[in-house]
Amino acid sequence: MRSFAGRDILSLKDFERNEFFRVFEVAAELEPIARNRRNVDLLREKTLVTAFYQPSTRTRLAHEAAMLRLGGAVTGFADAKMTRAGDFYQESIKDTVKMLEFYGDVIVMRHFQIGAPHEAAQWASIPVINGGDGWGEHPTQILTDLYTVLREKGTIDGLRWVAVGDMRMRTMHSLGYALTQFDCPITFVAPPGMEMPDSYKEDFMAMGLDFDFADHVGDVIGDADVILVEPTVQPDYSKSRDERKGELPTTPDNYKITKDLLVNKAKSDAILLHSLPRMDEIPPDVDITRWSRYWQEAFNGVVMRMALLALVLGAME
Amino acid sequence: MRSFAGRDILSLKDFERNEFFRVFEVAAELEPIARNRRNVDLLREKTLVTAFYQPSTRTRLAHEAAMLRLGGAVTGFADAKMTRAGDFYQESIKDTVKMLEFYGDVIVMRHFQIGAPHEAAQWASIPVINGGDGWGEHPTQILTDLYTVLREKGTIDGLRWVAVGDMRMRTMHSLGYALTQFDCPITFVAPPGMEMPDSYKEDFMAMGLDFDFADHVGDVIGDADVILVEPTVQPDYSKSRDERKGELPTTPDNYKITKDLLVNKAKSDAILLHSLPRMDEIPPDVDITRWSRYWQEAFNGVVMRMALLALVLGAME
Amino acid sequence: MRSFAGRDILSLKDFERNEFFRVFEVAAELEPIARNRRNVDLLREKTLVTAFYQPSTRTRLAHEAAMLRLGGAVTGFADAKMTRAGDFYQESIKDTVKMLEFYGDVIVMRHFQIGAPHEAAQWASIPVINGGDGWGEHPTQILTDLYTVLREKGTIDGLRWVAVGDMRMRTMHSLGYALTQFDCPITFVAPPGMEMPDSYKEDFMAMGLDFDFADHVGDVIGDADVILVEPTVQPDYSKSRDERKGELPTTPDNYKITKDLLVNKAKSDAILLHSLPRMDEIPPDVDITRWSRYWQEAFNGVVMRMALLALVLGAME
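Protein chains in written order, with the numbering used here: chain V, 6 to 322; chain C, 6 to 322; chain F, 6 to 322.
No lab work stands behind these hints: they were computed from the structure. Treat the hints with caution; some may be incorrect.
Identical copies carry no separate label here, and so any pair may be met within one copy or between two of them.
[Said to hold, decoys possible] Below, computed lysine-lysine pairings styled on DSSO-like, alpha-carbon distance capped at 30 Å: (1) K264 - K18; (2) K18 - K270; (3) K103 - K206; (4) K158 - K272; (5) K18 - K261; (6) K264 - K103; (7) K103 - K158; (8) K18 - K99.
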């Protein structure tokens, strides 16, 4: 297995099965630190640089919280408008990275352009973690989700997935790549116009993923061991924030996970994941049902980033 | 006395007299750390999460500075627009808190909605500190003010207060609740349209506060031992920032604390408090008079947050 | 030599020759910490307050990264709009500083107004570092540049400078003041309308700087040992960001450093500096030539801020 020390985390396309398990092993080892709520000294000599060109709450703060739990320091920017890099000069990724690499020891980057973290990694002398690149990938989120499955179900192999959402979204691509390394059939459920792009379908086929598509989550939820949901509707951004106040979009039944649907059709031991934030695709009354695992997923989001930071910074080898 | 460990700081309505003194005792104990300007290790294993849905300088930075002085770490957001929580999804307080609680060990929240920190506290497994909730309360500011009085006057009981400002503002409500636990009569001086809301007046009466109202600060300042001032005018926000440049509003005499007024009418040992920022209600030539204590108040703002963080995180018991 | 402990870094006009060398000596001593990428404990008990009223990436993050490398803590604001200080109240520098001084042990301030950090320093009981004040100065950047020259050339004295850019910019003023303390003739090359203001020319003459002006960098680059470049064009800010997308301004030949120009005219051991970000005044194909030193300059930007923070906080004496 390739060492994780000094390695970039850009895509799950190049992750091998034993590498997934190494990450989960380290996550399990570090999890008690998060659970005990006591920051330790493991990364005390290290600094994380956050480079967020798009707003983010969970991804940015989960990385920061993870770094702080391990005793490290954090600097960076949470909004490209706050920097000359993003707004004024349309500075090249190269120029920005040839600066950021001196400000710390690992960079986590979210960018509106697909491939931006990959380009950053070409220039940086320190590891780059992809915190979401446009319509590309979101590897740390899917690693979180797989770890949650492992913790909640005791295994990843042999489980059937249903994924509901906009298949152009980055989490879906990382998910497809990840499941090629496990014995996990998956059904993707997406609205018209939000289908999985051909290039990803071709990759999944070439990599041996067992996948198909369905139009209505109700038709396939009964077989699912893991149900992963993302929004399929968005606020109407052509209106101002005030204009759309209270006017929330409505998710069609095809893509909505109601308590009724779960009670009537889901396996009793299936688990329901959502990286949040949500619109109405999972109503709040689902939160306290037996299926909900998205709060655990949020906790694991910190644990997974602890594992990845410790690994790429060479603290676990 | 109830333990402070694990406790939320949401309102001063539920603070008992001996709890105020416990907080002041801890503040006095920790004050030398701030005065000596040497960060210590008391909260070294802990992380503060700042959740500011409205801009703030003093409240946010005083909490951050306090956490850093005690060796703790800080993460969070300073502006809801920087997060998907605030801007895009209008995410529920519940969903946001079920994420934030994993990112640290105590949350300080400022929100434009009254009661938002209280709702957060219902969902969080860690303490929530109210950093100001809309027209609600601002408990940590008033604890700072009371501690400043105690340090400057040697006592709280037996002092007569005059409070000038917009009585719909949150500091005024926390002040009224706090003084019910001390032997402190208070006169509120507010412009028409900015009177104390009935619900607070009813609470104050039920809780035995000795309070009345006046129209002109000049009529009542002569009896005051403590003069607490807030703005009664605001910039004209219907104009753009450039349009209103240099065009500062003018506070009427009724609510203005000039050097002349102090020299002619105030007790020589009265003290003048203002949480700042100010408009023109206290002109700068008052700053070096014997009455001014607002810089000490700013220093005590850090000390008080050190005490509160140490207490709710269980480091002082 | 005056002690640096407790001292403000506002201007290079008052820097003496032996003080420059003291700063470079400390920078060289601390440089291995940055190079080894291991945060140490030198400033572990100290907090840096960042007060950025204008967006900045490099200056703000280089100070933060430096403080974290030395084990210190950081708080503050990256955007005046995030604070009530900047946007709502147009709070005075005095009022803001009489607050910030309690939040940490050293302040770095960037402000759109010339002289703002100087005014801050008058009120603060802790050191203030000028992170760029309007059309005034940018002392820490030029200290970085001089340190880069010393590291790359082994000396500062005896080298001939050419500086290309907008001479109304703050870096140019700090550069002129700095070179008065060394044996360094300099030629300033600026477009019409961007000439060096008379007040600075008068200062430079009074202080014995050996300087002249030229219209075309091609005429003078052949003699240069150090070429320092800044942008002479800017995006058209009267257009929205979308409107100007892809429509980048073009730097006239007079002020542009192309690979051809360097190959044909520059000394083979000249070095090329740019504080970045850049427009097109240095095309990317120059980056891997023998002249380019701007990445080293970015690294030294952290080292220099480590030295300055350690010095003014009294950790090196």
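Each hint tested on the structure:
1. K264 - K18: For K264 and K18, neither the intra-copy (34 Å) nor the inter-copy (39 Å) Cα distance is at most 30 Å.
2. K18 - K270: neither (33 Å within a copy, 49 Å between copies)
3. K103 - K206: Neither: 35 Å inside a chain and 35 Å across chains, both beyond 30 Å.
4. K158 - K272: within (13 Å within a copy, 68 Å between copies)
5. K18 - K261: within (29 Å within a copy, 43 Å between copies)
6. K264 - K103: between (50 Å within a copy, 20 Å between copies)
7. K103 - K158: between (43 Å within a copy, 22 Å between copies)
8. K18 - K99: This pair counts as within: shortest intra-copy Cα distance 24 Å, inter-copy 35 Å.
Hints 1, 2 and 3 from the list above are not met by this structure, while the remaining hints are.
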